[in-house]
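Chains as they are written, first to last, in the numbering used here: chain U, 1 to 445; chain P, 1 to 73.
No wet-lab data here; the hints were simulated from the structure.
Quantities reported herein were computed from a predicted structural model and do not represent experimental measurements.
Each residue gets a CB set at the ideal place from its N, CA and C atoms; glycine is no exception.
There could be a bad hint or two in this list.
[Stated by the list, open to error] According to the in silico footprint, chain P covers these stretches of chain U (three or more CB under 8 Å from chain P):
#1 136–145
#2 414–421
[To be verified] Below, a list of computed lysine to aspartate or glutamate pairs in the EDC-like style, where the Cα atoms sit at most 20 Å apart:
#3 P:LYS15 to U:ASP194
#4 P:LYS37 to U:GLU411
#5 P:LYS15 to U:ASP193
#6 U:LYS236 to P:GLU39
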Amino acid sequence: MFRKVLVANRGAIARRVIRACHELRLESVAVYSDADAGAPYLAEASEALNLPGERAADTYLNVEALLAAADAAGADALHPGYGFLAESGSFARAVAAAGLCFIGPDARWLETMGDKVAARALAGEHGFPVFAGSDRLSGAEAAQAAAEVVGFPLMLKPAAGGGGIGMRVVEGPEALAGAVNQAGALAMAAFGDDGLFLERWIEAGRHIEFQLLGDGRGNALHLHERECSVQRRHQKVIEESPAPGIERSELEGLADRASAFAAALGYDNVGTLETLRAGADDYGFLEMNTRIQVEHGVTELVTGVDLVAAQLKLAAGGALPAPTPLKGHALEVRVYAEQPRSQLPSTGRLSVFRPPALHGVRIETGYQAGQWVTPHYDPLLAKVLGHGITREQAIGRVLVALKAFVIEGVETNIPLLSAVLGDADFLAGHVDTGYLARFLANWQD
Amino acid sequence: MQHEVESEVQGSVWKVEVEPGASVAAGDVLLILESMKMEIPVEAPVAGRVLELRVKAEDAVEEDQVLAVIEAS
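Bound conformation, chain U alone:
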């Protein structure tokens, strides 16, 4: 086993990994940009090293600086967290070439699953359901031909995609050429690759994802599903497990197929297979995320499995945890630094930041009072998780935590989250990926 882990990330996930390191008696090395000098994860790590600069490109995305820090600290492993370089195959290879253990799946899975078209094809070959879609294409002409096969309305996605960037719905043939040009340009700017593909558009689908673990020797395990349909701009806002209102037999059947897929690949470490559910027992593969997810805590609460510790153990060649039944219900809301209605980013100094300590509530944050929320990184301020015997109880626990959470200095989406948690449709479990946009259109705060 390695003994000293460089945590190549910031904020809540850096803190989470540092905690897991302490629990396994591993040393941890935090890195921080100039903008993160006051962050709480620095004090919690065994040691902390500065990455000069503020921009992500100069710091948490700077491979050379990260490897130099690992070398200076004498680290023998590296945890990438999520975001930044977590799904970069070339980074994972550079980490291994520097003699460090990369805590995540093998670089080939990062590369294969990073190509959304290849990942879709692979899932289909292994018997996992996929919706009608096209091959990788570029240019309006190729898109026209593919659209005739897939049909309208359809979803246009970047082949190298991620984070919802460049994704758009195309209603009819007249809008296709313009959308392809725009999406291609966006994809080129964001990923350096203008390849796109088309997929059948599911109007009121539900985002259901399955937590997977593999040992790289052909064994894999699932830890059930998370329902993540409450989204804005294709980014998740609320996640829960189990998914309300769907037969357990249907969900467990899909989860078994997902873990069979991971086992057949010889997949290692953790991953999440994301699907869209068009209707009863009608699912399509969306993508496979080859990292720990932001919402991993939801699964930890309902299974008791520590997913970050599992990552560390699996990376060191350890065995999979035992299969675990679901216990109760867990729900997570993401508190973002943004104006609740327009959802535009809100920056500033956190003059007051007081997460509450309440029964059945877990709060993960990378911030403390006095820190600046800058435009350099994502807007996530905190994840508020509630766990209870029933869904109702979990929701109630999150609601009271939102009420008690005091944040001053930036605007947050807490008013919106609280309103959603009191909405009759949400409480009835009537959610789909269009839910939040509809809710916002009618919201009187």
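With chain U's structure known, arrange chain P on it following the hints.
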């Protein structure tokens, strides 16, 4: 009548989509800002001509900073 187009967020300029002197319709995207990993399009509030562009790609911008000036047609 001149309209100052202000930034609603702190961030940086990702892309400038128009040149000084260009004619624009209301709602045309003048430039795209980047803040917290989000792309934020800044649109022309009125139809007219781009009189001034006060920022260029990669500039840092503050909330309420004037980004461009449009002369309404």
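Requested in this report: Would you check the hint for P:LYS15 and U:ASP194, treating anything up to 20 Å between C-alpha atoms as holding?
Outcome: holds (17 Å)
Worksheet entry | Hinted pair P:LYS15 and U:ASP193, Cα distance within 20 Å | Cα-Cα ~18 Å, so holds.
Item to complete: Assess, step by step, whether the Cα of U:LYS236 is no farther than 20 Å from the Cα of P:GLU39, and give holds or violated.
Response: holds (17 Å)
Original post:
Are there three or more residues in the stretch 136–145 of chain U whose C-beta lies within less than 8 Å of some C-beta in chain P?
Top reply: Violated, because only 0 residues of the stretch 136–145 of chain U bring their Cβ atoms closer than 8 Å to Cβ atoms of chain P.
For the stretch 414–421 of chain U, do at least 3 residues have a Cβ located nearer than 8 Å to some Cβ of chain P? Not satisfied, violated; 0 residues make the cut.
Quick one, are P:LYS37 and U:GLU411 close enough, alpha carbons at most 20 Å? The given pair, whose Cα atoms are some 17 Å apart, holds under the 20 Å limit.
Comparing the model with each numbered hint stated earlier shows that hints 1 and 2 do not hold.
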